[in-house]
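The listed protein sequences correspond, in order, to chains H and V. Here our numbering = 1-based position in the first sequence + 17. Here our numbering = 1-based position in the second sequence + 16.
No wet-lab data here; the hints were simulated from the structure. One or more hints might be untrue.
[What the hints assert, rightly or not] Computed list of lysine-lysine pairs in PhoX-like fashion (alpha-carbon distance at most 20 angstroms, straight line):
hint	chain 1	residue 1	chain 2	residue 2
1	H	K103	V	K448
2	H	K20	V	K331
3	H	K97	V	K448
[Unchecked claim] Where chain H lies over chain V, by a calculated footprint (3+ residues, C-beta under 8 angstroms):
hint	region
4	427-435
5	456-466
Beta carbons are placed, not taken as given, at the ideal position from N, Cα and C, and that holds for glycine.
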Amino acid sequence: MNKATIITDAITYIEELQKSVEDLTDQLHQMEATSVAEENPNFKEIDAEQGMNKWGLAPEVQVNHIGGTKYWIKIVFQKKRGGLTKLMEAISVLGFDITDTSITTSDGAVLVTLSAEGIHGGLSEADKIKKFLLEVIGNI
Amino acid sequence: MYEESAGFDQNSLHEGGGLVQAEDGFSQTHIPNCNNNNQSFSMEEQSNYPQNQMSQQDVAFSALEMELQHHLNLEMEQCYNNTSSGNHEIQEIVHDSNWQEMTNFNGENQYHHQHQPPADYVQNGHHHHHQQNFTTGSLPETPYPTTPDLLNMFPLPRCSPSSLLPNSSITFSNSAHKSPGFLASLGLLGEINTSADGSSASAGAVVYDPLLPLNLPPQPPLLRELFHSLPHGGYTLGAPRNGTLFGGVDERDVNVGLYQNGDHGRSFDHNGVFEFTAGEIDCIGKNRDGKDTKHFATERHRRVLLNDKYQALRKLVPNPTKNDRASIVGDAIDYINELKRTVTELKGWVEKKRCIKERLKRPKTEDDAVMEGNESKSVGEMDNPYNSSSLRSSWLHRKSKNTEVDVRIIDDEVTVKLVQQKRINCLLFVSKVLDELQLDLHHVAGGLIGDYYSFLFNSKICEGSIVYASAVANKLIEVVDKQYAAIPPTSSY
Numbered sequence: 018m019n020k021a022t023i024i025t026d027a028i029t030y031i032e033e034l035q036k037s038v039e040d041l042t043d044q045l046h047q048m049e050a051t052s053v054a055e056e057n058p059n060f061k062e063i064d065a066e067q068g069m070n071k072w073g074l075a076p077e078v079q080v081n082h083i084g085g086t087k088y089w090i091k092i093v094f095q096k097k098r099g100g101l102t103k104l105m106e107a108i109s110v111l112g113f114d115i116t117d118t119s120i121t122t123s124d125g126a127v128l129v130t131l132s133a134e135g136i137h138g139g140l141s142e143a144d145k146i147k148k149f150l151l152e153v154i155g156n157i
Numbered sequence: 017m018y019e020e021s022a023g024f025d026q027n028s029l030h031e032g033g034g035l036v037q038a039e040d041g042f043s044q045t046h047i048p049n050c051n052n053n054n055q056s057f058s059m060e061e062q063s064n065y066p067q068n069q070m071s072q073q074d075v076a077f078s079a080l081e082m083e084l085q086h087h088l089n090l091e092m093e094q095c096y097n098n099t100s101s102g103n104h105e106i107q108e109i110v111h112d113s114n115w116q117e118m119t120n121f122n123g124e125n126q127y128h129h130q131h132q133p134p135a136d137y138v139q140n141g142h143h144h145h146h147q148q149n150f151t152t153g154s155l156p157e158t159p160y161p162t163t164p165d166l167l168n169m170f171p172l173p174r175c176s177p178s179s180l181l182p183n184s185s186i187t188f189s190n191s192a193h194k195s196p197g198f199l200a201s202l203g204l205l206g207e208i209n210t211s212a213d214g215s216s217a218s219a220g221a222v223v224y225d226p227l228l229p230l231n232l233p234p235q236p237p238l239l240r241e242l243f244h245s246l247p248h249g250g251y252t253l254g255a256p257r258n259g260t261l262f263g264g265v266d267e268r269d270v271n272v273g274l275y276q277n278g279d280h281g282r283s284f285d286h287n288g289v290f291e292f293t294a295g296e297i298d299c300i301g302k303n304r305d306g307k308d309t310k311h312f313a314t315e316r317h318r319r320v321l322l323n324d325k326y327q328a329l330r331k332l333v334p335n336p337t338k339n340d341r342a343s344i345v346g347d348a349i350d351y352i353n354e355l356k357r358t359v360t361e362l363k364g365w366v367e368k369k370r371c372i373k374e375r376l377k378r379p380k381t382e383d384d385a386v387m388e389g390n391e392s393k394s395v396g397e398m399d400n401p402y403n404s405s406s407l408r409s410s411w412l413h414r415k416s417k418n419t420e421v422d423v424r425i426i427d428d429e430v431t432v433k434l435v436q437q438k439r440i441n442c443l444l445f446v447s448k449v450l451d452e453l454q455l456d457l458h459h460v461a462g463g464l465i466g467d468y469y470s471f472l473f474n475s476k477i478c479e480g481s482i483v484y485a486s487a488v489a490n491k492l493i494e495v496v497d498k499q500y501a502a503i504p505p506t507s508s509y
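Next up, chain H with everything else stripped away, as it sits in the complex (with noise of 0.2 angstroms):
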């Protein structure tokens, strides 16, 4: 086997690989197009509220102040679909840096604590935001 043979193949194999790839996934699509639609995420909402319910955790929202711009945010909420990307929508509005944060589920419950940094300052900014906060959870 010399160079040319083998980017030849290699070529070759490349495309086989590819073509393969699209076949394989438009059969998944047909599949999927035929198959019944999904409503488990509905199932697992009602378990989060139950979930919620059983270990007393009602929705809540912390903000502390740590110096500066910074802020230390705790928020617990009721899982559901779609229900992070609201919260981190109104993150965003908010125009916070996020500069740590991690999230969590367990038993339908989200725990998100985040450290951002923004551009408003000041304690009274934080009482602002802890309502904003709630607001946003209450809709999710």
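The hints should help you fit chain V onto chain H, whose structure is shown.
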């Protein structure tokens, strides 16, 4: 000079100059040098030589030769003494620059080539010169190579005068000691002042410097062709040797043969330097004249084809990195492996789906909880032998200009690692994408590290949805990149 070899040879023989330390190396470079002659010939014609070196050479040639002889030994000695390591380098260069290989690694041996040019230069000049003086009908159809071509092919660092003998008229613009050795050892040198500083420039120095500034791209294969089309001259080579010279063996063997031939009365100086005369070079080229042009053309054609293939391969790969051959091949390897994994994954999904459909056809009576088609499907999945026997796993890694995505799927868990240069709130977009893909986010961790956002997402695949790694990765990268591009760079907070 080759044609005049009669007189010169004898002189040089006494000198015993010639092949520097790197005997093999020298011969190898030597031959290619000759090859270059053909190539650079045309260049010379139109040459940018400010001076008409040919005429200069004509006049000063015999004088040069004499002077050369004087300098040769000195040069040789110095070079020899200087470059015990140079020997190895030369040999290394020569070995490395196996001409057959050079076609394949155009850019990679550039460094090595650097050491060639001075010799080529000199030879070319001489050949050309000789051509004019002694029109040997043996000159092949191919025009003489242009020396300028070769010189410009390899960016030559200027030689520091200190490295050369003060009186030497042979200066080589080459940082390595080798080149002086080479050139000198060629025994072809007239007075060649290849260094820009013109340190020597005594007896009617033939100045090849003007050619140096021209920066032509390296064309190693040309060297070989050039060599093959050397003109005939005062051969001192024996006929049998000629026959073996180009038995399809690389120059090394050729040189060895030439080098070992003591029948021609070459004397070796105490350094064992072998002087290779132009005549010999001519002789070497002689036998190949007829086929050289054809070889050159086919060789070039072959190279062009190979390069095209490399480029075609590069286009197939989704995110090519560098443009050199090694990277292209490396990327291709990774991509092929990735494709194979994806194919396996997809096949698994198709298989699974098919089993599910089969199971759906059979009514489930064991499970009373079955109320909807989905749930029966999920039950069916649990019984599915596919689920129990094999663990679906796949892995994908995608890189784009400022984003890096790593997606791993194990059974029904999807883990995504995302590294992106800070500009946008990628968390938002990623969670949107994950929602679209029906992935249940279970855990996220990450934050800003230096200039980059780095996140890790752990999610579960919702039952019944088909998720495969490449889809996740592609979509993620697409979305994130789009957002990234949409926002102009902001100054740091």
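Going down the list of hints, with the structure as the test:
no.	hint	verdict
1	H:K103 - V:K448	9 angstroms, holds
2	H:K20 - V:K331	18 angstroms, holds
3	H:K97 - V:K448	13 angstroms, holds
4	427-435	violated (count 0)
5	456-466	holds (count 9)
Consistency note: the structure conflicts with earlier hint 4 alone.
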